[in-house]
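Engineer: Read left to right, the sequence shown gives residues 0 to 117 (numbering that gives the first Met the number 0).
What the hints contain is simulated information worked out from the structure, not anything from laboratory work. Heads up, a few of these hints could be off.
Only pairs whose alpha carbons sit at most 25 Å apart, straight line, appear in this in silico BS3-like list of lysine-lysine [claimed, not checked]:
1. K33 to K79
2. K79 to K90
3. K63 to K33
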Amino acid sequence: MLTERDLSYIAGFFDGEGSVFLSGAACRIAISQKDPEVLLWIQSTFGGRMYHTVHNNPRLILTKNEEVVRFAEVIGPLTKRSRERLRVAAKINSTRGAERKAWREKFPPNHTPYKEAM
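Sequences are here, hints too, so could you generate the full structure?
Structural biologist: Below you can see the structure in the form of structure tokens.
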């Protein structure tokens with residue numbers, strides 16, 4: 000169980016090292032860091048998969064809808080810079096069917112829909 004202090008740390012870490020991007024019709028969350036220790040700790044709580052960047056740096060990516068929504072709902076309100084992006088990510092990844100298709104038509108692949116949504 001993470002404490003409020005742990006969650007605040009993750010929020011600040013995400014503000015500095017994380018990103019939200021649209022892939023197809025769903026948002027993904029990515030966090031990169033040279034030292035994998037923090038990423039493995041975040042992965043143990045929120046899920047996701049570890050990858051390596053072109054420069055062989057570890058990267059945690061949350062791709063499953065439930066992972067993205069949970070991370071966005073728990074961490075988003077604690078962030079300063081990423082709050083709106085995570086709110087939009089939770090909204091997009093909570094949709095299904097025709098509503099999800101509407102997102103796909105509204106935004107091109109790999110677009111970051113910050114201000115256009117809502």
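Engineer: Would you mind marking each hint as holding or not holding in the structure?
Structural biologist: Structure-based check of each hint:
{"no.": "1", "hint": "K33 to K79", "in the structure": "holds (23 Å)"}
{"no.": "2", "hint": "K79 to K90", "in the structure": "holds (19 Å)"}
{"no.": "3", "hint": "K63 to K33", "in the structure": "holds (24 Å)"}
Checked against the numbered hints listed earlier, the structure breaks none of them; every hint is satisfied.
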